[in-house]
Every structure is written in C-alpha cells, then in structure tokens.
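If you're matching them up, the sequences are chains F and B in order. Quick note: this note's numbering has the first sequence finishing at residue 314, numbered continuously throughout. Quick note: this note's numbering has the second sequence finishing at residue 1314, numbered continuously throughout.
Because the hints were derived from the structure by calculation, they are not lab data.
In the DSS-like style, the derived pairs of lysine-lysine whose C-alpha atoms are separated by at most 27 Å in a straight line are: (1) B:1155 / F:155; (2) B:1154 / F:155; (3) B:1029 / B:1155; (4) F:154 / B:1155; (5) B:1154 / F:154; (6) F:29 / F:155; (7) B:1050 / B:1065; (8) F:65 / F:50.
Chain residues, written in single-letter form:
There are 2 protein chains.
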Amino acid sequence: MIMTAKAMKTVSEMVTTLPNSDLTSFLRKTQILVDSELDRYLPPESASPKQVHAAIRWSVFAGGKRFRPSLLLAVGETFGAPQQQLLSCACALEMIHTYSLIHDDLPSMDDDDLRRGRATCHIRFGEAAAILAGDALQTLAFQTVSEDQALSGKKRVQLIQEIARASGTPEGMVAGQAYDLEAESREVSAQELEQIHRLKTGALIIVAARCGALIADAREDELSVITGYAAQLGLLFQITDDLLDITATAETLGKTPGKDMRSAKATYPNFYGVDSAREFAGRVHQQARETLDQLDRPTERLHAIADYILNRPA
Amino acid sequence: MIMTAKAMKTVSEMVTTLPNSDLTSFLRKTQILVDSELDRYLPPESASPKQVHAAIRWSVFAGGKRFRPSLLLAVGETFGAPQQQLLSCACALEMIHTYSLIHDDLPSMDDDDLRRGRATCHIRFGEAAAILAGDALQTLAFQTVSEDQALSGKKRVQLIQEIARASGTPEGMVAGQAYDLEAESREVSAQELEQIHRLKTGALIIVAARCGALIADAREDELSVITGYAAQLGLLFQITDDLLDITATAETLGKTPGKDMRSAKATYPNFYGVDSAREFAGRVHQQARETLDQLDRPTERLHAIADYILNRPA
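Produce the entire structure from the sequences given, and follow the hints as far as they go.
Structure follows, in structure tokens:
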C-alpha cells in the first residue's frame, strides 16, 4: 500500500558501505557508537557523588547488547534519518532500560544477585546507591532528549511524550513490572501473560522503533506498520528470552538459569511448554516479516533483526 | 536596578480580589487547586495496575502542604504569568518531590515508617510497590510538562531541562540524597552540610521559583534575583525543618520526632546547636527579604512566604 520512498542520506548508507555489512557487524558498530555516546552523557566517576556515579556506570557498562538503541538506529536508517539525530534518543532508551534493570534486581523486587555475568548494582554498591542510580538514570534519560540541539523543540517534546508513556503507568513498563509482581502469587491466563510482557518488555521496544520513525518524519501509515512490527518483535524477544532462561547455562547466560522457572513466574515455557513456546516464536517471527513487507522502504536490516531475535545467542 | 514592570493579568489579581487575601489563604487556595489538578493527572485507583496507582495516590494525597507548587504559583504571579500556564509544572514538581519522599523512606534509605501522620508508602503497600510508585511518579512529572498544550514546545523543553537538572545528579536532588547517605557514617563540615541541603532540598525549591519566572518570561536579571531568593528560602526551609524535628511532638509533626538527631544525621541543630541554628535562620530570612527588594515587581507575597517559612508551623 505504501508506494513513496524518501530520499536516503542515512546511517544505512554509511554502514552498508563499510566492509562487513551483515547484521552482526551493524549491531557491533551501533554498540560501540552508543557506548561512546553514553559515556559522554553520563556523569564521570571522578565527579561527586562518586558512589552513585560509579553505580550508574557499573550497570550501564555491564556489557548490554544495546538492542533498543540498535533497533532505533535501524528504523531511523530505514526511513532516512541522519544518525546524528538518532543518538540522544537511543541513549535515553538505554538509560530507561538500565534503570529498570537496576530497580527490578532489588531484593524486594526480583532479588537477583547476578546480571550479565557480574554482581547486580545493589550487590556491588548497596541498595540505597542502587535505588538512587536508577532514579538518576531515569532523570538523565529525559534530560538527554530535552537537551539535544540536533532535534527541533517540537520533536524533543514529542519524543519525551512517547518515552514517558512507554515507561510509566498505566500503559508502560512500570505497569508491566507491577502486573508481573502481582502474577507471582497466583495463576495467570494466557491473556494476562501477554499483557505483562507487552508492557514490561514490549513497550520500550515499540517506543524505540517509533522514535526512530518519528525522528525520520515517517508518514502516519508507516509509523503504524513499524509499531506493529515492533510489537511482534517485542513478543518474539520475550518468548526467546524465556526459552534461553531454561536452555542456557549460567556461563552463557550471565545470570542464574532456570530462576524464572523455579519462582513460578509468568513465562511462555511455563505456560505452554518448551516445544509449543518454540512454535509460537516461529509464528510471531513470520508475522513480523510479513508486517515489514507492507513497507516500500529498504527493510533488509529490519528483517535481519527479526531473524536475529528468533535465533539469538544468549 | 530593575525598573520595568510588566502588565499584570495574573493569579495574583484573581486571588487578591478574593475575601481573605493573606498568605495562609493563598496557600490554602493553591493547595486545593494543585490537589485538584494532581487528581486529574494521576492514574485513577480504579485503573489497573491498581496497587501501584493506589500507592501513588496514598503518597501524593498524604496531606502535603504543596510548598513547591505554591512558590511556583507565587513567583509566576509576581512576574505576570497566567495561572493556567503554571499548573502543569507546579504539579510536576510535587510529583518529583513525592517520588523522592517515597524512595527516601525505604528501609535501605532513611527507613521511615511514618510520614505526615500515617504509614509511609512501603509500610502500607510493600517495598516493591513503593519503588514502582516512585519510579512512575518521576516519569509522570516529565510526561505532564511535555503534554501541556498551554505552553509552547520551546517552553516545555526549557522547563523539562530545568526540572531534570534540579532533580538528578551531579547538580540536583539525587546527588543531595547521595551526599546525605554518605554523611551518615562520618563527621561532616559546615560546608558539606550546606552542600547536602542545597542539593537535597534546595534544588527543587530553586527550580520551582525559576520555573514560575521562566513561564512568565521574566528577564534574565530578574531570573537571577529570584534564583538567589529561592536559594535563601531553601536554606531557611531546611534549617527550620531541622529545628522543628527537634522541638515538635510526634503529633504535630506527623513523623517520629528527634529521629534525625538520634541517627546522627547532618542537620543544622546537630552542627551548630539549637540557639545558633535559630539565629542562622533569622539571618538567612533577612537576606531573602533584601534580595527581593532588588525587584521592581509586586513582591509582597514572596516576602510573606519568607516570613511564613521562618515562623512556620509543623
């Protein structure tokens, strides 16, 4: 249905002209780029209050794969945005994601000691510093977008609205975490399970894709398609994450495997069984690819991202 | 030095034409107004996830005096802003303030069971819900300002920048809380004590005044004077808060009195003794009044606020 294609002067071109242009290479390059930008945005460890700044950096630079920033950059590239305009928002989403991990790991929440192969923030720096590090990271996310002079004031306001709705309650990440905690103490339906993940994991993945498209001034119909694609990607991400938690070893996973199973948390393998969860992942992957086919844009990279999530390493 | 006065079509006029126009009446009216706006902005308790929404409302509607919103409205009025443009920002600052109280009360932070005469958020709803309620309130603060159509996009961006810097680290509220926690385990100097309070309490009071002036398009020199006034007000607020903590009874204070003294926290009476802290408060109050005298604006209400803080009830 979508026939027009915009002029391209994009990250895509810059990256595809580099020697190794496959997805792994793209992900590695965006990871390096985003890490370098994050380093610029975060307060240095040498600045006081040092403990909180060290706690922030401990968690932000814990080897995360920068999936949300990469998705934002890939979508922005697909719709022709200059890379320079995409980076503040990409970093802001990583800050929001990291703040949520820090708070979710706390003893009163998921009580995790290990994340990405090393001590979680509160284990390393104490609970008080971890709470403050998470709080400050959320603040810095909004500050970062609000201060990006590469974006018009109108665009900054629009992005802040999108990010806030996707990370708060009742329609965002915090709501998902609240539903998840509630669900620990009782049986949940398939519908509830999907709602938990749509909010807890999906909302931030969807907003990453939407922000990329918004920065690129994608049309309304394109934004709607990319929102659908990202929703399917988010669901796929959660199913494969749940599967990895069961099948991987502690070494490859970087956290205690099987923990979700033991604590009877709402996960897809817990609900459907491992084989049916795998089939479900396959169907969602196929839907995501079909959604992309509605776009008259160079969607190879977005297809490759869907493939990568289906078969992703731990 | 400041000679021009702008045309006035203000909250001031609306409020001063009402029968009882003294400061107590102004504070009561803004409290009612801000409470009603907050009620509009916050998710209803009837909406899921209910526990987190109930936790948010428990803490936001715990009888707070809305000092920061009142200061914002009073400053905005002084410089001639329409009330309608002041309310979103006033509510946002109350959300940030409340989120900080919820997190500060947690067991790993100040470990307080009682606040404003009733159970703190984590005592009533559990730690997990309290952490999420605080997180969501911070998000909603930025969302609220970003969505206010009474303000231009440019103004919204500017206000979000101000609020973020004042509530994060290294120059805002979270930094102050981090210094305060550090200070619990050791002796602090007078200079450190002042830095803790300048960030932990002062930053949000200063930004309340600055936002009021910014919304009203106050001149740079006026903004600078009002920033100085608010810094003195913030310091005065902290000294009298510390004094109240020692002298008041649990009933009037609504929290366990003397708690700060017992835990050897950095407070003015702990540092200087009660009598010298009282004298210090008097000097700071005088300075705040003199600062206001530099403005060629109707500053009666701002003078009255300084008087009120000096002699404030518990």
